[in-house]
Every structure is written in structure tokens, then in C-alpha cells.
Amino acid sequence: MIWLVFAFAIWALGWWINAWLAALPRTRLTRLAVPVIFGLTLIAVWEGIVHGLEISPILLPAPSMIAMRFVASTAILWEDFVQTVIKGALSGYVLGCGTAFLVAILVDRFDFLRRGLLPVGNFVAALPVIGMAPILVMWFGFDWQSKAAVVVVMVFFPMLVNTVQGLADSSVMQRDLMRTYAAGYWMTLLKLRLPAAMPFVFNGLKIASTLALIGAIVAEFFGSPTRGMGFRISTSVGQLALDLVWAEIVVAAVVGSGFYGGIALIERAVTFWHPSQRH
Amino acid sequence: MSRSVLPVTTVVCAIFALWYVAAIWLNAPWAYDKATRTGELLNAQSLILDTWSQKKPKLPAPHQVAVEIWETTVEKKITSKRSLIYHSWITLSATLLGFALGTGLGIALAVGIVYNRTMDMSVMPWVIASQTIPILAIAPMIIVVLNAVGISGLLPKAMISMYLSFFPIVVGMVKGLRSPDAMQLDQMRTWNASPSQTFWRLRLPSSMPYLFTSLKIGMAASLVGAIVGELPTGAIAGLGARLLAGSYYGQTIQIWSALIMAAALAASLVALIGVIQRVTLKRMGMS
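Sequence order for the protein chains is A and B. Throughout the first sequence, residue numbering follows the working numbering, covering 72 to 350 in sequence. Throughout the second sequence, residue numbering follows the working numbering, covering 49 to 335 in sequence.
Any given hint could be a false lead.
Straight-line alpha carbon distances no greater than 27 Å define the calculated DSSO-like cross-link-like pairs of lysine-lysine that follow [said to hold, decoys possible]:
(1) B:Lys223 with B:Lys264
(2) A:Lys277 with B:Lys264
(3) B:Lys125 with B:Lys104
(4) A:Lys158 with B:Lys106
(5) A:Lys277 with B:Lys223
Derived by calculation from the structure, the hints in this document are not laboratory data.
Whole structure, please, built from the sequences with the hints as guidance.
In C-alpha cells, the structure reads:
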């Protein structure tokens with residue numbers, strides 16, 4: 072009972088502080104503080120409810136328990152991180168986005184390809200491509216190569232569609248200006264169209280960053296060596312070691328947010344001129 | 049529109065041609081292997097014919113997949129456990145339930161975010177952060193845990209679908225509900241409209257184009273959620289279960305037919321929303 076009262080009190084306190092902060096004029100500090108307080112409140116309420124209602128740790132472990140498990144099993148978590156994120160997701164991401172970028176330049180060069188490949192690409196991008204995972208695991212074996220292949224397949228079309236769209240983004244007037252400067256195709260591409268395409272390219276890269284992690288983890292459900300985040304999650308669920316599962320989820324969440332945030336930071340540096348970056 | 053018919057057909061034909069060639073290339077080792085064991089000599093024609101008709105090929109040829117789909121949809125009874133329509137229905141029902149829940153949650157959150165400043169500042173960043181967590185990764189946990197409490201079947205899968213589909217809807221709806229410009233809002237004020245009137249007569253109608261765009265993304269996402277949600281239930285029923293069972297037993301033709309079925313399902317669901325969108329927007333006089 073005391074825990075429940077505690078949870079409710081924390082919730083009320085957190086909400087009250089946030090309501091007060093939100094009413095203040097928006098500064099960088101309040102913009103950062105409000106979501107942080109909201110998140111901390113959520114964790115505290117979770118802790119309180121788990122203890123208060125005496126929820127079995129098999130169902131939902133308390134945050135403190137997850138934190139302890141996290142600290143106790145850093146070695147396993149690191150091994151899984153290297154296997155899934157560095158070897159599987161990252162190599163697939165670089166390969167998939169790189170190829171898609173090059174293909175997009177090719178597609179943009181030939182109008183016939185653009186009119187043909189773009190609708191098909193748009194269509195494929197909306198399909199449940201993740202279903203390719205069992206096939207690719209069969210083709211490339213159980214180790215990280217097949218996970219990288221799944222990631223390549225998943226990120227290719229979103230990246231392609233975005234880049235092609237971006238390359239078409241410069242206006243006729245800008246292209247005419249390049250022509251009056253006597254710039255050839257490559258010069259126009261390098262100096263005008265690629266920079267103009269950057270906001271779209273980064274949009275594709277951001278979408279691909281979340282897809283990459285998901286692809287690498289889900290592909291491990293179809294077979295993997297005895298390490299990796301997807302492997303650990305599925306086996307630990309079977310053993311009802313939910314605290315370890317949640318520790319893996321924390322890693323996945325931190326990696327996912329960090330990956331996305333990193334791309335967003337690079338985007339801000341590269342496309343500083345774009346209206347959406349100027350507040 | 050008609051300008052893109054020829055290029056699209058060319059590209060699709062090229063994909064099929066590549067597919068057939070790749071089938072020869074990938075299945076040839078097994079064909080040679082078989083031939084050396086029986087002591088036959090393979091000429092080019094029999095090699096190609098063999099690679100296109102193996103029982104467990106590395107890459108089944110398109111016509112093999114087509115035959116499999118025909119056999120498991122038209123020739124089997126719908127109630128049969130081997131009917132692909134039966135499995136599609138299992139997945140579709142979870143998708144639709146999850147999609148409905150996700151749409152409801154998404155719209156509710158969007159209304160809260162637009163009307164409540166505290167909620168905007170505290171919830172919105174977490175909604176965005178929630179999507180960088182690979183939720184599909186914890187699908188098995190949700191399924192197994194809910195199963196332990198006695199909730200099984202449709203609902204756990206639908207919850208994963210819901211989680212994947214609510215995000216595009218929140219983002220689209222927030223944008224849509226904020227799309228009326230200051231002039232239109234001022235106009236409502238000069239008419240002395242109450243907040244609820246402003247909502248029902250101005251904000252909600254003008255959010256419709258945004259809503260439909262997000263519904264299309266959300267629908268595709270919730271199908272993915274339902275399929276992945278089926279993986280850890282131990283391959284009982286549904287398209288995801290077909291994929292998993294196929295990968296256990298090396299039944300590649302079964303995997304491909306389930307995959308094509310999932311793709312067709314996604315395409316037709318998205319197309320259906322497209323039709324509803326066109327009719328609705330036309331009747332609202334927006335297109």
C-alpha cells in the first residue's frame with residue numbers, strides 16, 4: 072500500500088513540476104528538463120507499482136532489479152552488442168545505404184529507370200521485407216553475414232527512394248544557372264544536386280538506422296550462433312530470466328537512440344542551411 | 049500515369065528474368081550433386097529444367113511459388129490447416145485489431161499533445177524515443193509473458209501491431225491537427241466557436257489528408273508486427289508461423305509463398321485505405 076501511495080505521489084509531483092515548467096517560456100533548459108522528469112517519473116512509478124501490487128518478477132521485473140542485472144552481466148551484454156550491432160547491423164547498414172546511394176545516382180541519370188524503378192521501389196519499401204530473414208539465413212549461414220544481408224535488404228529501398236527524390240529536388244532555375252556557368256553533368260551533380268539532396272538522404276539514413284537494428288535482431292530468431300541480442304532475448308524468455316531480457320532491451324534502446332541521435336547530429340552539421348534546421 | 053506503364057513493366061520483367069537466372073545459378077550445385085551420384089551427365093537443358101523443379105531449392109523459380117500458392121489457396125478448403133487463406137486470416141485479424149487499437153491510441157495521444165502543453169513537452173520526445181527502441185526485438189517477451197498470465201491468441205500479437213502503428217499516426221495527426229493556420233483559427237474565434245466546435249468543425253476535418261497518409265504507413269507496420277508476433281508462439285498458425293516452420297524444415301517454396309502472400313496482403317490493405325481516402329476526401333471537397 073505504501074508503495075502505491077509513493078507511486079501516486081511521485082506521479083502527482085512529477086506532473087505538477089512539468090506543468091509548472093511547461094507554463095514557463097520555452098528555453099533550452101525546460102525543453103530538456105520536462106521529458107527527463109517525465110521519464111524519471113515513469114521509472115519511479117513502475118518501481119512503486121511492481122512492489123505495491125507485488126507483481127511477480129517473471130512478469131515484470133522492477134527497474135532496480137534490471138539495473139542490478141545489467142551491472143552483473145556486462146560481459147555478456149558486450150559480447151551480444153559486438154555480434155549484433157557492430158558485426159550485423161552496422162556492416163549491413165553501411166553496405167545497404169552505400170549501394171542504395173550509388174544505385175540512386177544511376178537511376179537518376181536514366182529517366183527510364185527512374186520512372187520504372189521508383190514505383191517498384193516505393194511498393195517494395197511498404198512490404199514486410201523482414202519476412203526475407205529466414206531465406207537469407209538459409210543462404211548466408213547462421214553467423215553475422217546473414218544478419219548483415221537482412222539489414223541490406225531492409226534498408227535498401229527506403230534509402231533508394233529517398234535519395235532519388237532528393238536528387239530531383241533542385242529547381243529548374245538552379246539547373247539553368249549551372250548550365251550558364253558551363254557546368255557539366257558531374258559538376259552539377261557534385262556542386263548542386265548532391266548538396267540539395269542531403270536533407271532527403273539524411274531522412275533515408277534516419278529511417279534506415281532504426282530498421283537496421285530491428286532487422287539484425289529479428290533475423291537472429293531464425294537461427295544464430297550462441298551469442299547476439301536476438302538470440303539472448305529468445306533464449307532468456309524461454310528460461311523466464313526476464314531481468315536479462317530487460318537488460319538487453321535497455322542496451323537496444325540506448326544503441327537505437329544513440330544511433331538515431333548520431334545521424335541527426337551529422338545531419339545538423341551537413342544541412343545547416345536547410346530551413347528545418349534553423350529554429 | 050500511362051507514361052510509367054512501359055518502364056514499370058520493363059523493370060518487373062527484368063526482375064523476373066533475373067529471378068529465373070538466379071534460380072539456375074543457386075540451384076545448380078545441388079543438381080550437379082544429384083547427377084554425379086546417379087552417374088548421369090547433365091546437358092544444359094536438363095540442368096535448367098532440374099534447377100527450376102527441385103523440391104527444396106535454394107531459390108524456387110517463380111512458377112513453383114505460383115503453383116504452391118494456387119494449391120494452398122484455391123485447391124485447399126479454407127478451414128484446412130494447410131490452407132494459406134486460413135493462415136492469412138489469422139495474421140490479418142491480428143493486424144486489423146492492432147491497427148484499430150493503434151489508430152485509437154494514436155489519435156487520442158495526438159489530441160492530448162495538441163491541446164495540452166505539458167503533455168506536448170513531456171510525452172512527445174518519449175513517443176519519438178520509443179520508436180528507436182527495436183520493439184520487434186521484445187515481441188517474444190510480450191507474447192510469452194502475456195501467455196503466462198493467460199492472455200494468448202489474438203491480443204498479444206495485436207498489441208505488438210498497435211505499438212508499431214501508433215507512432216506514424218501520432219506524428220501525422222499532430223501535424224494535421226496543427227495544420228489550420230492562424231487566420232482560420234481567428235475566423236473560428238470571430239464566430240465565437242467553442243473549443244469543441246473548433247475541434248470538430250476545423251481541426252479534425254483539416255487533419256484528414258495527414259491522417260490517411262499515416263494510416264497507410266501504420267497499416268504496413270502493423271502487418272509486420274503481427275507477422276513477427278507469430279514467431280515465438282512456436283509456429284502454430286499465421287503467416288509468420290509458416291515462415292518459421294518453412295525455415296525449420298527447409299521448405300523454401302512454403303517460405304516464398306507465405307512471403308508473397310504477406311506482400312499481397314500489405315499491398316491490398318494499403319490500396320484499400322487509398323480508396324477510402326479518395327472517396328472521403330472527395331466527399332469532403334478536399335481533393
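Which hints from the list above does the structure break, by number from lowest to highest? none
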